[in-house]
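Asks: So the sequence lines, in the order shown, correspond to chains U and Z.
1 is the number of the first residue of the first sequence in the UniProt record's numbering; add one for each residue after it.
1 is the number of the first residue of the second sequence in the UniProt record's numbering; add one for each residue after it.
Among the clues, some could well be false.
[To be verified] Here are the simulated EDC-like cross-link-like pairs (lysine to aspartate or glutamate), alpha carbons at most 20 Å apart as the crow flies:
1) Z:K18 x Z:D51
2) U:K17 x Z:E410
3) Z:K25 x Z:E36
4) Z:K13 x Z:E379
5) Z:K231 x Z:D205
6) Z:K175 x Z:D205
7) Z:K97 x Z:D71
8) Z:K66 x Z:D109
9) Z:K393 x U:E15
10) Z:K394 x Z:E352
11) U:K65 x U:E26
12) U:K17 x Z:D51
13) Z:K97 x Z:D68
14) U:K65 x Z:E379
15) Z:K393 x Z:E360
16) Z:K201 x Z:E226
17) U:K17 x U:E57
18) U:K17 x Z:D362
19) Z:K393 x U:E42
20) Z:K425 x Z:D369
21) Z:K106 x Z:D71
22) U:K8 x Z:E379
23) Z:K394 x U:E15
24) Z:K394 x U:E42
25) Z:K25 x Z:E265
[Said to hold, decoys possible] Derived, one-sided and incomplete: chain Z residues facing chain U with beta-carbon distance under 10 Å:
26) G162
27) R373
28) E379
29) S382
30) I385
31) K392
32) E410
33) P414
34) G415
Hints listed in this document are in silico derivations from the structure and should not be mistaken for laboratory results.
The beta-carbon is built from N, C-alpha and C at its ideal position, and this holds for glycine as well.
For reference, the chains in residue letters:
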Amino acid sequence: MQEEYIIKQISVFSENKPGRLAAIAEALQKSNVNIFAFSIAEASSFGVVRALVDTPETARSVLEKLGFAVQFTDVIAVRMKDEPGGLHQVARILGDAGINIEYAYAYSGREAAVLILRVSQAGEAISKIRAAGGSLLRESDLS
Amino acid sequence: MHCWDPRIETMPKEDLQKLQYRLLKTLVYRLYSFSEFYHRRMKEAGVHPDDIRTLSDIRLLPFMYKHDLRDNYPNRIFCAPHDEVVRYHVSSGTTGKPTVVGYTRKDLDLWTTSLARALTSCGLGRGDVIQVSYGYGLFTGGLGLHYGAERIGAAVLPTSVGNTERQIELMQDLKATAIACTPSYLIHIGEAAERMGISIKNDTDLRSAIIGAEPWSESMRTRIYETMGVKAYNIYGTSEISGPMFSECTAQQGIHIWGDIAYPEIIDPVTGEVLESGESGELVMTVLQKEALPMIRYRIGDITRIDDEPCACGRTHPRIQRITGRVDDMLIIRGINVFPSAVEHALLGIPELAGHFLIEVDRKGSLDDMIVRVEVAPEAFSDRINDLINIKKKVEHTLKSALNVAVVVELAEPGSLPRFEGKAKRVIDRRVI
Ligand SMILES: [Zn+2]
């Protein structure tokens with residue numbers, strides 16, 4: 001049951017230099033891959049580009065053909081209530097359950113803001129968030 | 001331990017040094033009297049054979065360089081009467097003229113003796129079948145190993161290089177127990193055998209390999225043992241000193257340099273000073289009994305160090321360690337000598353990297369700045385930025401301890417660094433001095 005809420009994010013290793021991001025975006029666009037959410041984590045000379053797309057397999061093969069190192073990462077996506085303290089609430093639910101948030105980023109979806117999380121125990125996180133009345137996106141919601 | 005010549009190979013150190021001094025003295029007098037080239041060189045350096053009063057006085061003598069051989073092409077440095085030369089080998093220079101090496105009968109005998117001791121020290125002897133897959137011809141590898149192997153009473157299978165499938169068939173049919181070749185050819189043989197459905201480990205008698213003439217590493221040694229069941233021994237030499245001459249013994253703790261045949265020194269490549277025992281620097285070789293083409297303090301250009309501690313095998317002769325670089329490629333970073341090959345060597349042991357690298361050197365103010373760009377192996381890529389930072393730190397730490405100089409490491413995308421055909425150009429030096 002919980003598996004349907006686990007979403008495949010693509011993570012791409014990228015050097016921190018002009019044009020790399022554009023190259024990734026252009027390649028995905030040319031292959032008609034739709035990008036829903038997008039974030040960049042940077043260290044000094046390199047970074048990781050993370051994205052939620054409608055067709056992760058296509059995205060992966062397109063980028064690998066260009067020589068990028070690509071990985072799938074399991075994340076969960078929480079619909080945020082359009083009220084103050086939404087982020088805090090999610091963090092508290094997970095914190096109380098001893099689940100570690102490795103990183104998070106947000107995007108505004110069709111109906112609501114969506115928070116994407118990589119957590120230490122995805123299955124556990126899903127059941128805790130749902131038990132607390134939270135709403136999660138399914139992978140099918142992206143296509 | 002089984003020695004080819006126990007008296008010489010286990011000779012007490014003091015006796016060996018006395019012998020070396022006597023041989024050196026004889027050599028210097030002979031060349032001063034009979035070699036125009038060496039006579040002139042010694043005169044220019046202001047040194048007379050009488051000045052050599054101890055073995056370490058060898059440092060008074062001038063160096064000899066590869067270009068001396070080229071400048072005197074083909075045989076103007078030769079010091080034996082023309083009709084005493086019984087063999088020539090020729091090495092193709094990467095730049096300019098080739099170099100020609102001549103051998104008298106005694107030169108060939110000493111070369112063969114040196115290899116007979118070396119091969120015996122690897123545990124080979126009568127009853128072994130040694131496949132010589134070094135090139136035969138102008139190159140010294142094939143014929144050198146051929147006569148060395150014959151001398152110890154082994155059977156020689158002189159396959160030379162090429163026609164790998166046939167080599168593997170003969171290896172099986174004639175039950176070769178050892179092979180002498182380059183490391184890359186050995187790996188090629190292993191892969192070709194696999195494609196033929198033959199396991200070197202299970203379907204052949206091959207148990208040892210005498211490999212050299214190309215740089216290789218400890219991780220290759222492990223891989224060769226694990227995939228082929230073959231114990232690989234490092235062999236060293238260069239045509240100027242005769243050819244392949246010295247190898248590791250079964251202790252595999254360095255390459256024994258037979259003291260009665262050659263006297264190795266380690267010098268600072270910049271100042272020419274002889275370094276303290278055990279320090280790493282440029283190998284300089286004096287071949288003590290060579291007739292046709294004598295070599296005094298020849299600057300081979302390889303970087304290594306000498307271990308003169310007693311060897312576990314019982315032999316008393318000093319051992320050179322793995323070659324870590326070439327002087328020609330040396331960079332000086334903040335006053336410290338850095339070899340690209342040492343960088344390569346250090347990176348080989350890091351599984352998170354894909355093997356390609358590029359060194360960039362800049363000068364910031366008055367300080368040199370060395371950046372090493374390394375490709376991350378696609379399998380090592382992690383979505384967690386901290387994992388990547390840890391790879392970067394690990395590489396920086398590994399390089400710092402290997403090079404004694406702090407470097408900045410930048411992780412590069414797989415496949416992004418330039419690829420080179422043949423000898424890789426791995427350094428971009430932007431310093432303007
Ligand atoms: Zn030994």
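Asks: Would you list, in rising numerical order, the hints stated earlier that this structure does not obey?
Replies: 4, 8, 12, 17, 21 and 26
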